[in-house]
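Enquirer: One letter stands for each residue in the lines below.
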Amino acid sequence: MNLDLTPAQRAARERFRAFANERIVPFADAWDREEAIPRELIAALGREGWLGSILPAEAGGAGLDRITYGLLIEEIGRACSSTRSLLTVHDMVGHALRRWGKPEIRERHLPALARGERLGALALSEPNVGSDAASIETQAVEDGESFVLSGRKKWTTFGQIADLFLVFAKVAGQPAAFLVERDAPGLSIVPIHGMHGTRAAMLAELHLEGCRVPGAAMLGRPGFGISHVAATALELGRYSVAWGSVGILQACLEASQKYAAERVQFGAPLAEHPLIRAMLAEMIANVRAGRLLCLRAGFLQERSDPAAFAETMVAKYFCSKAAAKGASDAVQIQGANGCAPDSPVARYLRDSKVMEIIEGSTQIQQLAIPRFDFPEL
Amino acid sequence: MAEINETQSKIKEFLSRFFKNHDLQPGEDIFSLGFVNSLLAMQLVAFVEKEFDLTVEDEDLDLDNFRSIDAISALIAKKRGVPAGA
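Sequence order for the protein chains is A and B.
Counting in my numbering, the first sequence runs from 1 upward without gaps.
Counting in my numbering, the second sequence runs from 1 upward without gaps.
Hints are not guaranteed to be accurate.
DEER-style ranges, computed between Cβ atoms [what the hints assert, rightly or not]:
1) A/R277 - B/Q25: 39 to 45 Å
2) A/L3 - B/N21: 32 to 38 Å
3) A/L292 - B/N21: 30 to 36 Å
No more than 27 Å apart at the CA atoms, straight line, and that leaves these computed lysine-lysine pairs for BS3-like [unchecked claim]:
4) B/K10 - B/K78
5) A/K353 - A/K321
6) B/K10 - B/K50
7) A/K102 - B/K50
8) B/K79 - A/K102
9) A/K102 - B/K12
10) A/K258 - A/K321
11) B/K12 - B/K78
12) A/K325 - A/K353
Hint data in this document are derived by calculation from the structure and do not stem from the laboratory.
All values reported here derive from a predicted model rather than from experimental measurement.
Glycine is no exception: its CB is placed at the ideal position from the N, C-alpha and C atoms.
Construct the entire structure; sequences and hints are all you get.
Expert: As structure tokens, then:
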């Protein structure tokens, strides 16, 4: 296993970093306050090929390898977790559609998703269903050559503006997955405002009231909607959230190092105070450990190793927890300044909490991880 | 114990990671043994695709194709266009 980046991966990271520093970092706090990211940014991400970037060239995508993809997610996540979450959910939908969609549906939607001209969003959670995904209450009833969906979805990231929703519903008691277009009859979208973290991720509720979709819109088959279709999307989602957490932690580290070097208390910069140094040391160690776990997971994914599933889960578990701890320390180092309006570290703290919840909460990972057999490195 | 071929042997070795301390038989229904959930499901698909160089597709999603070592072996044979057990 070679963990060195290739020259092409290093060059790509420089490009991602330059874009993030120029186009996202200066504005992220304002977007957080306004609870939206601008359409121009989304268009720019699409032009760069970074919406649907893991889709292969034959599907119209950039075909990024999993390591380069991770570097993209880290850099965007370092700048703005809300923007990162757009890439995460959009890519989850494209990935699941390519894997399990019927040819006519793939041909119809993948090219536009791969170019970022249409945005995908995931509709799994419901008012009564979070971690226990198999208990979804939304129903899909077969009617001739179509299905009629009824139910309510909640916490759909970028649901306010997405064009295509991957909706999970039960068909005669069996979980299934459907691609639902925004203008499908019977679908209405209600924005959710005032979220604690990733505030600019434009969350929405989806109300499905007799929403009719063609039979071909079903991905996979009834009975496989959660175990295969959602699992395909969520594995990529966990990978993305793991790298995004590394990005948050890197941002916390950079902000903390800068502040600790400049802020003088008791006659010396904070960085000279042992208790502050301890927090910086832990951030440095965790960001390096987290990145290695992500690289390991990406390496296994790249060679389609079944062990990638468990390694990705470990990466998500570790990195989201490390980001939350690092963000808490970053605020602690800055004291009241870290709690101020428009403080980036306050945003990192709120956003890092979300990372411990989405794509399988810390507790779900804790239940699952000991069940795997981890091969020796 | 029934004799098993190389394909069945590879499947058994993979599944044995999930059914520790249990000598899984070729025709045994793995769904009846518990621990067949979304954690195993996609790993099983990934294993079959990588180990046997094929793609599990939409129409292959049938629980009966994954119910036992024999069933998975038959799916692989079908995907390869050769008779099961060959």
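Enquirer: Give a verdict on every hint.
Expert: Evaluation of the provided hints:
1. A/R277 - B/Q25: 39 to 45 Å: Taking Cβ atoms as reference, A/R277 and B/Q25 lie about 59 Å apart, which means the hint is violated.
2. A/L3 - B/N21: 32 to 38 Å: 35 Å, holds
3. A/L292 - B/N21: 30 to 36 Å: Since the Cβ atoms of A/L292 and B/N21 sit about 33 Å apart, the hinted range of 30 to 36 Å holds.
4. B/K10 - B/K78: 17 Å, holds
5. A/K353 - A/K321: OK: A/K353 and A/K321 at ~9 Å, within 27 Å.
6. B/K10 - B/K50: Judged against 27 Å, a Cα distance of about 12 Å means the pair holds.
7. A/K102 - B/K50: Cα-Cα ~22 Å, so holds.
8. B/K79 - A/K102: 18 Å, holds
9. A/K102 - B/K12: 31 Å, violated
10. A/K258 - A/K321: 23 Å, holds
11. B/K12 - B/K78: 19 Å, holds
12. A/K325 - A/K353: Given that 27 Å is the threshold and the Cα spacing comes to 9 Å, the pair holds.
Comparing the model with each earlier hint shows violations of hints 1 and 9; every other hint is respected.
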